[in-house]
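> First to last, the sequence lines map onto chains A and B.
Note that UniProt numbering has the first sequence beginning at 1, numbered continuously upward.
Note that UniProt numbering has the second sequence beginning at 1, numbered continuously upward.
Treat the hints with care, as some may be off.
In silico lysine-lysine, BS3-like type, Cα no more than 27 Å apart, as pairs [claimed, not checked]: (1) K276(A) to K493(A); (2) K49(B) to K127(B); (3) K424(A) to K276(A); (4) K192(A) to K198(B); (5) K590(A) to K424(A); (6) K276(A) to K582(A); (7) K276(A) to K196(A); (8) K196(B) to K192(A); (9) K192(A) to K276(A); (10) K433(A) to K189(A); (11) K493(A) to K508(A); (12) K508(A) to K189(A); (13) K489(A) to K508(A); (14) K127(B) to K189(A); (15) K547(A) to K196(A); (16) K127(B) to K193(B); (17) K196(A) to K193(B); (18) K196(B) to K424(A); (19) K433(A) to K127(B); (20) K189(A) to K122(B); (21) K192(A) to K424(A); (22) K276(A) to K489(A); (23) K193(B) to K424(A); (24) K424(A) to K582(A); (25) K582(A) to K192(A); (26) K49(B) to K433(A); (27) K433(A) to K193(B); (28) K122(B) to K196(A); (29) K192(A) to K55(B); (30) K198(B) to K189(A).
If you only want the chain B side, here are some residues facing chain A, beta carbon under 10 Å, derived [unchecked claim]: (31) A62; (32) F79; (33) A158; (34) F171.
FYI, nobody ran anything at the bench for these hints, they're computed from the structure.
C-beta: ideal position from N, C-alpha, C; glycine also.
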Amino acid sequence: MGKDAARAEWDNPMQFVLACVSYAVGLGNVWRFPYLCQMHGGGGFLIPYLLMLVLLGVPLFYMELAIGQKMRLGSIGAWRAINPYLGGVGLASVVTSMYLCLYYNVINAWSFWYLFHSFQSILPWAECPVNSNLTGHVEECERATPTQYFFYRETLDISGSIEENGGIHMGQALCLLLAWMIVYLFIVKGVKSTGKVVYFTATFPYLVLIIYLIRGVTLHGSINGVKYMFTPKMEQLANPTTWINAATQIFFSLGLGFGSLIAFASYNQYNNNFEKQAIVVSMVNSSTSIFASIVTFSIYGFKATFNYESCLERVRLLLLNTFDLAEDTISLENVIHWIAELNRTHPEQFTSLGGRLETCDLEAELDTAVEGTGLAFIVYSEAIKNMPVSQLWSVLYFIMLLLLGMGSMLGNVIAVITPLSDLKFISRYMSTKTLNGLVCLFCLLLGLGFTTRSGNYWFTMFNDYGATFSLLFIVLIEVITVCYIYGIKRFEKDVEDMLGHRLNCYWKIMLAGVSPILLIALFIFYIVNYIQGGTPTYQAWNKELGKSVVTEYPPYAQAFIGLLLASSVCCIPLTALYTYCKKRNLASGKRERTVSTVSA
Amino acid sequence: MISYVFWGSLALSGIKEGMLVWILFLLCQVGAPALAQDLCQRDAPNGYKVRISLKTALGEDAYEWNQSEMFFFQATMAFAMRRHFQMETYNVDNIILCVQTSRVSFWFVVTSPDNTTMLIPKADVEKAVRMSRHRINNAFLLSDRTLEFLGIYPTLAAPVNPDTPPWLIVFGVVIGAVCVGIIALLISSLLQKRRKEKGMTEDGQDEEDMQVKGVENGINLDGTYNRGFTDDDRFTKL
């Protein structure tokens, strides 16, 4: 199955490995894995996680690389070559990748926004801004925290619900424009430029993570967080959700089903040893997750200890002021002791304190588990503002987030562009540069919708529903196609052709047996969960209360969710039907022609 | 001075009036502090509570709060009242302090210089304090947070609004660099393509000439060169 020799190629296999690492190691490693670790029993979560990596992650990763390298085409062409009726699988991948492209770059835009705002003497999320008559702070900020206020009001200018639209936030739009321009800069010359960029985007985040690890473990109180994370709670292993979440995390973290891996591998040399590379990339991805969670938890521990000690300080001051004691009588260590003492000696005065006396609990502070954008932009920035030289740490942190995000973004965009540039009618009329530019422009214009006042709610909708369900379906069809429709024997022969040795029995058992079963189980679980969950809800920011409230999606938003899910999944049966009809017309057309020549 | 008055009145008005004056004088000496106590008390309607946190503000360098410091406070408050009312008559005696605690907190009231039994209303005292707050803080090496007048909220610093927000400057730099990068890449690839095209046509000319001349392996062959063996599809390859 040869493609013309003019197909671009990576300069060396290292570029390919780094591209895969850069794609797989993304924001999910930093903000989803530590959350899952915390939710599902700390160190104990590693058992289902590593098990799922071996049973599900590595074999599927291997399969996608093999397909890409063999067919030397993007996802649409590759799946059409495997089986003409299942070309829709490739199309579904492209549609899903397109959705991902639309909303993922918005995260990079936020990272840019925070990065640019870090170049100030006082970080803008460190303090509440003063109100118009200079008597106090802005009310919304008083009710929430300064970091929440900065994220929801100044960064997003968020409205009260998904129905209330507003104008575009100009700062966000500019940052999104910059993000797309940088993506274009990275892909403008195809794999030639991408191959050079991934040297940087794959390695620099590790440098920053190491710096942050050293900074994190030397912070006061960080040991509380690390201890909390690694204390295994083995009883969580009995909970089926733990195993489901482990499988889902492996699945999405490796970026299976988007078509990016197929696209990357299609630029490989025919005899590239992708087997070793698949194992290496998967291991690197998982170890990065564990490494990042150590960093996250040391920062968590610092933040929790800081808040706990601030709480104690406030209680101490309250006691000193109410009972007019000298400043050095109560110190942070004996606050608790003094509370009991004063309650005993001055009961009436003590009760007059009433609700102002807070209870300070370190465990409760550590228990506040957050994931996603809330972790990255609110919790982390709160921790950073309390560090000495906070501007430097802020700049470093957001550069790391940007690199992780950009690296993954490269994979997403290449997953869309490679199949498009393989289509004959596009490559005839447009050069790659023009095609790349048009795709970036198109995604930018649609992505501006996420920069409106209700944009964050649409973002959350895309994040939760755009890629999760459809990917499971796509990869399930992929595995069944390769193992049973294309045939595991043919696949084995192709791999032997490329690598020079036969498929190990581990791969055969996993691909043909274990992985499909696990995928079907995951798929059923998702459907059951979705049906049982009732009306889909989202977190809306309430200005008056200063916190998020759970709100139901309006009917048109629910219809849009349905459209998101259906649009990518439907590609598969529709394309199969279309191919079937075309083949039938072709067959009947041929029969007609043969009849006519005979008659003539 | 009062003793001179006493002796003078005694001499002038005789012993009876003198006794009256003496009794009044004694009452004044005893009564004045009592009167002052009545004026200054905890939760006095026209008084303010002051709270000082020396150790929080100065740590190791904290000075000791003693009667001299209290006198200093009275002096600064008198200064604040003079500054606000533009009257030179306020004195240390017009500031009455009471209810001192080890927290270092106390109450104070301000009496009018003309009539020591009359208190200056709360609102006026507040205005005076607000006007000279910065001077009072600096006198004690404290800040708004560590020298608190309970009930008088400090005006927060006005936010600094630069003409261009600083983030826009950094954004401008970065997007400028990216634009330059994109344009450079596009132009370089355009130039590369043009150079390749030009190179191709020039190569073609050279090869033609060489074949016509019949040069092969450096040996000049005389004779006609059989064109049947030339590489015809050289141009159609790409």
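> Does each hint fit the structure? Answer for all of them.
Status of each hint after checking the structure:
Proximity of K276(A) to K493(A) is assessed by CA-CA distance (about 18 Å); at most 27 Å being required, the pair is judged to hold. The straight-line distance between the Cα atoms of K49(B) and K127(B) is roughly 15 Å, inside the 27 Å bound, and the hint therefore holds. As the CA atoms of K424(A) and K276(A) are separated by approximately 33 Å, the hinted pair breaks the 27 Å bound. The suggested pairing of K192(A) with K198(B) holds, with an alpha-carbon distance near 23 Å, which does not exceed 27 Å.
With a C-alpha separation of about 24 Å, the suggested pairing of K590(A) with K424(A) holds against the 27 Å cut-off. A threshold of 27 Å between alpha carbons decides the hint, and for K276(A) with K582(A) the separation of about 41 Å lies outside it, so the pair is violated. A C-alpha spacing of about 22 Å is found between K276(A) and K196(A), which places the hinted pair at or below 27 Å, so the restraint holds. Using a Cα cut-off of 27 Å, the hinted pair K196(B) and K192(A) holds, with the two alpha carbons roughly 18 Å apart.
For the suggested pair K192(A) and K276(A), the alpha carbons sit about 23 Å apart, so the restraint of at most 27 Å is met. Of the supplied pair hints, the one linking K433(A) and K189(A) holds, its CA atoms being roughly 7 Å apart against a limit of 27 Å. Between K493(A) and K508(A), the direct Cα distance comes to roughly 12 Å. Compliance with the 27 Å bound is thereby established for this hinted pair. Distance check on the hinted pair: K508(A) and K189(A) sit about 38 Å apart at the alpha-carbon level, beyond 27 Å; violated.
Note on K489(A) and K508(A): the hinted pairing holds, with a Cα-Cα distance of about 10 Å set against a maximum of 27 Å. With a CA separation close to 69 Å, the supplied pair K127(B) and K189(A) exceeds the 27 Å bound. Of the pairs offered as hints, the one joining K547(A) and K196(A) is violated, with about 44 Å between alpha carbons and a cut-off of 27 Å exceeded. In summary, the hint linking K127(B) to K193(B) is not supported, as the alpha carbons are separated by about 78 Å, beyond the 27 Å threshold.
Our distance criterion of 27 Å between C-alpha atoms is met by K196(A) and K193(B), whose separation comes to about 21 Å. For the hint linking K196(B) to K424(A), the alpha-carbon distance of about 25 Å falls within 27 Å, and the restraint holds. At most 27 Å may separate the alpha-carbon atoms for a hinted pair to count; K433(A) and K127(B) exceed this at roughly 69 Å. Of the pairs offered as hints, the one joining K189(A) and K122(B) is violated, with about 75 Å between alpha carbons and a cut-off of 27 Å exceeded.
With a C-alpha separation of about 22 Å, the suggested pairing of K192(A) with K424(A) holds against the 27 Å cut-off. Taken as a hint, the K276(A) and K489(A) pair is honoured in the structure, with Cα atoms around 21 Å apart against an allowance of 27 Å. Between K193(B) and K424(A) the CA atoms are separated by roughly 22 Å; this keeps the pair inside 27 Å, and the hint holds. Restraint check: the Cα-Cα separation between K424(A) and K582(A) comes to about 18 Å, which is no more than 27 Å; the hinted pair holds.
Restraint check for K582(A) and K192(A): not satisfied, since their Cα atoms lie roughly 38 Å apart, outside the 27 Å limit. Pair hint K49(B) plus K433(A) does not hold up; C-alpha atoms about 73 Å apart against a cutoff of 27 Å. Between K433(A) and K193(B) the CA atoms are separated by roughly 13 Å; this keeps the pair inside 27 Å, and the hint holds. Between K122(B) and K196(A) the CA atoms are separated by roughly 72 Å; this puts the pair beyond 27 Å, and the hint is violated.
As the CA atoms of K192(A) and K55(B) are separated by approximately 64 Å, the hinted pair breaks the 27 Å bound. Proposed proximity of K198(B) and K189(A) is supported: the alpha carbons are some 21 Å apart, at most 27 Å. Interface restraint check: A62(B) against chain A, minimum CB-CB distance 9 Å, threshold 10 Å, status holds. Here the hint on F79(B) is broken, as its CB sits about 25 Å from the closest CB of chain A, past 10 Å.
The beta carbon of A158(B) is positioned within 10 Å of a beta carbon in chain A (closest approach about 6 Å), and the interface hint is therefore held. Because the beta carbon of F171(B) sits about 5 Å from the nearest beta carbon in chain A, less than 10 Å, this interface hint is met.
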